[in-house]
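Protein chains: 2
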Amino acid sequence: MQYQDVVELAKRRGIFWPSFEIYNGLSGFYDYGPVGALIKDNIINTWKYIFVELEQMALIDSPNINPEEVLDASGHTKVFTDYITYCERCGEAYRADELIKKKMPDYEFTTYDDMVKKIEELGIKCEKCGGNLSRPEKFNLMLSTKIGPGKGKTSYLRPETAQGIFINFLPYLRYFREKLPFGVVQVGKGFRNEISPRQSLLRLREFNMAEAEVFFDPEYLEWKGFFQDMMDQRVRLLTNRGEDVELRLGDALKKGIIKQQPIAYFIGLTFRFLKNIGIDTERIRFRQHHPEELAHYSKDCWDCEVETSNGWIEVTGIADRNQYDLKQHIEHSGADLYILKKLETPKNIKVKRFKGNEEKLKSIFGNEWERAKKYLESLEVTNNQIIFQGKRIPEDAYSIIEYDEKEEYTKEIPWVIEPSFGIDRILLSLLEHSLYTRENTGYKVLRLKPHISPYKVAVFPLMPKDGLDKEARDIERILRTENFNVYYDESGSIGKRYARADEIGIPYCVTIDYQTLKDGTVTLRERDTTQQERLGKDELPEKLRRLILKCLTSI
Amino acid sequence: MQYQDVVELAKRRGIFWPSFEIYNGLSGFYDYGPVGALIKDNIINTWKYIFVELEQMALIDSPNINPEEVLDASGHTKVFTDYITYCERCGEAYRADELIKKKMPDYEFTTYDDMVKKIEELGIKCEKCGGNLSRPEKFNLMLSTKIGPGKGKTSYLRPETAQGIFINFLPYLRYFREKLPFGVVQVGKGFRNEISPRQSLLRLREFNMAEAEVFFDPEYLEWKGFFQDMMDQRVRLLTNRGEDVELRLGDALKKGIIKQQPIAYFIGLTFRFLKNIGIDTERIRFRQHHPEELAHYSKDCWDCEVETSNGWIEVTGIADRNQYDLKQHIEHSGADLYILKKLETPKNIKVKRFKGNEEKLKSIFGNEWERAKKYLESLEVTNNQIIFQGKRIPEDAYSIIEYDEKEEYTKEIPWVIEPSFGIDRILLSLLEHSLYTRENTGYKVLRLKPHISPYKVAVFPLMPKDGLDKEARDIERILRTENFNVYYDESGSIGKRYARADEIGIPYCVTIDYQTLKDGTVTLRERDTTQQERLGKDELPEKLRRLILKCLTSI
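Protein chains in written order, with my numbering: chain A, 1 to 555; chain B, 1 to 555.
Bear in mind the hints are in silico, worked out from the structure with no lab data behind them.
Each hint should be verified, as a subset may be incorrect.
Identical chains share a label here; the pair holds if one copy fits it or two copies do between them.
[Said to hold, decoys possible] As a list, the in silico DSS-like pairs of lysine-lysine whose alpha-carbon atoms are at most 25 Å apart:
#	residue 1	residue 2
1	Lys-449	Lys-518
2	Lys-470	Lys-496
3	Lys-78	Lys-153
4	Lys-151	Lys-128
5	Lys-449	Lys-275
6	Lys-518	Lys-470
7	Lys-391	Lys-347
One chain only, chain A, in its complex shape (with noise of 0.2 Å):
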């Protein structure tokens, strides 16, 4: 099936839709509508089972407004930007990479020159009206706004839910017992003031993400998670080096492709995820980035890739993120989000240490001379330029003290791996994998999993009299009362209910005929096979309860 399809049934059926439409909308934005936001939801349950309830990681939940401080500090003011040209008769605005890669496809940026030159060689003009385009410059992606009463304190929408989550180390650190290794997961919107969004779900300025901030202590990064035999798990990996292999994850961390444990297992665990929940797993592969595209302080990154009509499109990402967000917000709070290592046998030394002088500091920094001073006495005694805040402390700022102690720990920053997951692209994935004509009735049927699907079970009264509409009306009402969302149809042909159901991926109908009057049982219809069976009405429950769960436990 075809992104087309996906995106008429999408509107059709009350999945996803264009947001703002009677306002002539506003691009990068989608609602999810009443099937659609119950699809989401599962989505998420089904991530949030396998993170927090199997993989034992912490859920949190941080404000969607950062800061200009958190911002700072994880480099996104300064770095989080596209390159952005103007026409220069029409005013319209593109992101100059992709007028490259739209004549050029493998096009990747390497220099400001050559970008320029490159738009220049292949004669790019405007695609409305012809015009030539200004010289590129930056644009930051990140939407701003202005907090509390007065001019305001500048913050932003976040960018990534996981700023949140490393500011906050310390709480959690406290949280597991100040043992490492240990995860926390935050699921919410991410926000980017895309210059070009593009194909409904694909690109948005407003998306869902699922993210994973995994904290190892340097010297173990590995992760004993919950699947035993994960190293066993066979995936299709794109190497840096050009193979497109098939290679079980242990063979691949031994051979050197994959660096790091956790990466692998986390690899493992997104091909299980997106194969739990529908996915194609012919149509998966991890990619890796070369190395001109990892960032200065990564070892290792992979994407997961999700074959579509649109082609393959990133769904994951698994990073190597190392010790630098946690070493930025160091810098720029003085903050010790450190972790303590027991020594075996504690050392005495003689101990140099840096003694701030309040005056001085207080003269530099104002109000934040405290921090100022916490962050210069938590160094070690260097002849480095000291940076606070972006400001150098002075030497007259500070004394250098000696004196004996007893070491019996030493402090490090901990390492970091991130599996970050866009759901919002996960799901036209999965309805594009999922979407199918049934063969002899010509109509298109959803195949989802019953724990995504969004009603789990369809109610029909044969006909809408003789008491069948209100036995099924309490059948319904049983169902709804023991947490199953359930999907009531009495008009029409049941081949059009069940045409109707199969469109949105209900699993399950149930029709209450003239049997049940007699005997109380009723017609369960599986929707793929179409396959019936006659059960006692009291059985539906558990029966129904079974078939959800060992859909969501099956791993």
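Once you've looked at the hints, dock chain B against the given chain A.
Just chain B, lined up with the frame of chain A:
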């Protein structure tokens, strides 16, 4: 228990804490930690169980960011304001009405002049430095941002989730097969740039809300919901005539105290929801708005208030929104947000209609001329001024045409009743109502119901040795696979472990002892009674599942 006990527990055990603490915080923002995020999820899931599964409302998800057209139409850009006053010496900002209320608790805003007079009469000065205060000015509480490249499009973070529902009335009407009444619900973030956020979760700038917009044919204002006995529900009502009475909802409606049946129903539903999650029913009341508190279009509005150590706090509003919002969006967008009602006998009528002049409309409305024309031609012919998007359509921009028509339908704007829930306040109240001190131990216990509890069961090996820990790990693993969120603990005495589990509300603790190794039985201890029973480990999953399901579905 008091607010301070809850805040202390919340911070210590990972329920919630102020956000961005390593950067000095940002007032009005809170993080939910590993325990709190799970409790919040469970409250929301229970709400969805009631509103989506039982009441069959449609769950949807629309963007946090709304373009200004939406909030111009709803009136928020104009009237969503508080009065702010600044200290003329130190610049500190205050909410004017709150300053007055501190000295005059009964104060209610009537007029601007009265407010200014009160500040003078009461001699109110800056609380920080004693300086004089500026004349109060209106301060809009919405947070704004700019979307897209270049100057960007002015947009706002939504102050409520409701508008995202109203503007999509037509797809929802289609989803419900053109039949009223129906409800559409949304759970998500709301944002208000509060002048003075306070008391942790009580007044946040970014908060969690769950709203239902229920659409009615104005002639049939009745919600025949899941609970057929709802009118027999007794609740405590504080009427706007000053009575404080406990009444059957049916009687309150009959006496004209509650004005509309759906409001009575949703008051009952709110009561049952709060009771189900564990709010003390003795500390729930519903307060009717005084006529002067009501929006001009609203006939009736009730706040659900819960008593806490901070006094009675509003946790839910049940409001008659009348036809106001849809009417505004019709006028601003030109969209047909109507229902069509078939007439019993079609009428032959002479129709008079406006016919817009394309050229003239273009000259007035530019790109928007087609909407203006559509709007104009949808109107009844009158002599009133015709306004579209704030601009008058002059008489030379249209002609009036007459023709015969068979009228089969009449169109009408649906009527909306809205129950709106503040999830953070509900969570805060629930914690206060649930926390108690166990008499014989002096330890704190959080009396959370099993379906609300962050972890469903704790698993303890009696000792972490002799194979007890391995057996406990196996049982833990089985429970996780069966979709229970499990808390494993092997450190300290069993008593200490019970205490740790009690404090975060875990309802059941399973202990693995030497007998387990012999006969496969374990002890199951219930939190509040501390009673223990012995049962086979294989019976655990079904036993726990039934206990939790029973708790969720007892409404």
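request  = Classify it for me, Lys-151 with Lys-128: is the Cα-Cα distance of at most 25 Å met within a copy, between copies, both or neither?
outcome  = between (39 Å within a copy, 19 Å between copies)
ask   = Between copies, within a copy, both or neither: which fits Lys-449 and Lys-518 at Cα up to 25 Å?
value = Neither: 33 Å inside a chain and 40 Å across chains, both beyond 25 Å.
request  = Tell me, please, which holds for Lys-518 and Lys-470 at an alpha-carbon limit of 25 Å: within, between, both or neither?
outcome  = Close inside one copy (14 Å), not across copies (53 Å); limit 25 Å.
task = Give the relationship of Lys-449 and Lys-275 under a CA distance limit of 25 Å: within one copy only, between copies only, both, or neither.
result = Within one copy, since 11 Å is at most 25 Å while 34 Å is not.
Within, between, both or neither, where Lys-78 and Lys-153 count as close if Cα-Cα is 25 Å or less = Both. Shortest intra-copy (18 Å) and inter-copy (23 Å) distances satisfy the 25 Å Cα cut-off.
query = Between the shortest in-copy and the shortest cross-copy C-alpha distance, which are at most 25 Å for Lys-470 and Lys-496: within, between, both, or neither?
reply = within (21 Å within a copy, 54 Å between copies)
Intra- versus inter-copy proximity for Lys-347 and Lys-391 (alpha-carbon distance at most 25 Å) = Neither: 35 Å inside a chain and 81 Å across chains, both beyond 25 Å.
In this structure, the earlier hints numbered 1 and 7 are contradicted, and the remaining ones agree with it.
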